[in-house]
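Student: Based on the sequences and whatever the hints tell you, model everything.
First to last, the protein sequences are chains A and B.
First residue of the first sequence: 131, per the working numbering; consecutive thereafter.
First residue of the second sequence: 952, per the working numbering; consecutive thereafter.
To be clear, the hints were calculated from the coordinates, so they are not data collected in a lab.
One or more hints might be untrue.
Quick list of in silico lysine-lysine cross-link-like pairs, DSS-like style, CA-CA up to 30 Å [to be verified]:
#1 B:967 with A:386
#2 B:1030 with A:386
#3 A:386 with B:1066
#4 B:1030 with B:1066
Treat the numbers as computed from the prediction; the structure is a model and nothing was measured.
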Amino acid sequence: MTSDGFRSYRSVVLGVAWRTVHNALTTPNLVIPTLAFPFFFFLAFAGGLSQLSHLPGFHFPEGYTSFQFVFVMLQSAAFGGVFTGFGIARDFEYGFARRLMLAAPHRSALVVGYAVAAVIRWLVVAVLLTVAGFAVGMGVGGGGVELIGLYGLALIVNSAALLWSAGIAMRFRTIQAGPAMQMPVFLALFFAPVYVPLSLLSGWIHAVARGNPVTYFLEAGRSFVSGEAAYAGVAFGAAFALVAFFGLWALRGLHKAEAAGG
Amino acid sequence: MPSKGIEAAGLVREFKGGVLAVAGIDLHVAEGEIYGFLGPNGAGKSTTVHMLTTLLPPTAGRATVAGFDVVHEGPKVRKAIGAALQEAALDPILTGREHLRLQTALHALPREERKPRSDELLERVGLTGAADRKVRTYSGGMKRRLDLALALVHRPRMLFLDEPTTGLDVQSRSALWQEVARLAKEDGVTVFLTTQYLEEADVLCDRVGIIDQGKIVAEGSPAELKASIGRPTVDVVPADHEQRDRVSAVLAQFGELTQASPHGVAVLLSGDEFGLADVVRALDAEGLHVEHLQLHAPSLDDVFLAQTGRTLEGAEQEQQTELVP
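Tutor: What follows is the structure, encoded as structure tokens:
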């Protein structure tokens, strides 16, 4: 790509990201779910289920609030990607995507723009969640590097969820495809060791959780908080693999949208 | 070498289920020309525009816009063109100014140019006062004007307008015509516009292509097209509708009888030898009283009628009937 081409590509990415973030953060019916879901889960799980930490074999020295903080952080990242996917579907359904597709020389820049917006949108939630976590006495055993690992992992999960949702949005081009974006992410999150560590799960749920990449994101994230950095390689490897796979999925979706006329 | 205007050869678009929206269109639009694509709803106008603007790939055939192939050089085509499509693709949450901010970014205008260019365009389309209002508060005419401003952000060489005046009041329509004419005349912009309004095609366009059922059925300047029909028609409605046959017999002396209004009789005058006065005198000589008598100069609707056997209005109604189960 020439320097002129790169400048044009970057400009489209920033334009799309600006508009998506602007709408997400200034429209009450978009901003409220973005913030309400993670805070509801954090309050409900960390507060209501804290007695689970007294189960035999439950070992997480930083406490149940920190244990759930990691889940809520990853959940907010994944849902941030999905909610941005809803916006893509809405843009196609109401015709705004045509404006974008008519103006953008390289249309993959549109997908990258939405992905950047999803990251920014999640970062706002992540900052507020972190402040809330520390405000309610969340313990952190790890140092700055481990915490960066947690946020980095969540950021990759955010991008994977956005690319998954973008692929669906551009194939169906209607907001009615929302459940198809959200449900698999929701199931993947909850077929993982959400409330207790993997070692305390048994039966079929243990078998499912062992094969679920979200399990390794959670285990790695919790180990970052406790300063142990376990499962980091597997978790990052799986997260990057998902981004690569869903990146291709999203680009195929873009080609389908182009073939259908936007 | 492809022209810098629009060239299309055998352009076809078939949708799922075998619906043939565009059935093989050949086009040549010269640089700086205002070309009107006239036809009823569902004739294939918008599908053609979508293909020429790279929104929709053709099923067959090829087209170049501003010298670039619409399939293989999409990014170059998009840089060269501006487009305002039928339903203004605007975001109700953004203000007019924010739309321009986004559009200048999508076209990668240098940062220092973005605000002055936005201000200039808002001024040109008369939206300076409403620039900071959310678009959901705009009227239909304001949305159209904003859409036009957005299409012009990057100073395109070619402008596609898909039914730009549909739903506008007379004043807004006239203002938009003036602006389009100015763009072509002063800035040398090539304009490809679709319309279902005869007057719009007649007043604004250098050349007109008449499209029906996915095919161009006639093409030329409005004057040429009307001249191809050639002769005026006289339409007579007798005061006593029972005397229709007698009126027909009189009118048949002056030319070929043709389709008329209900209760009326019409004749396509043959050559220059007869005029309205001759018809009036003949009717008077037969003692026939008339309720209505009109000399009808050829219009683009007559061209459409001659080529398709239907009027534009009739074609509209057919389309609507087809849509209603």
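Student: Would you mind marking each hint as holding or not holding in the structure?
Tutor: Checked hints:
1. B:967 with A:386: holds, 14 Å
2. B:1030 with A:386: Measuring from Cα to Cα gives roughly 22 Å; hence the hint holds.
3. A:386 with B:1066: This hinted pair is violated, its Cα atoms lying about 35 Å apart.
4. B:1030 with B:1066: holds, 20 Å
Hint 3 from the list above is the single one not met by this structure.
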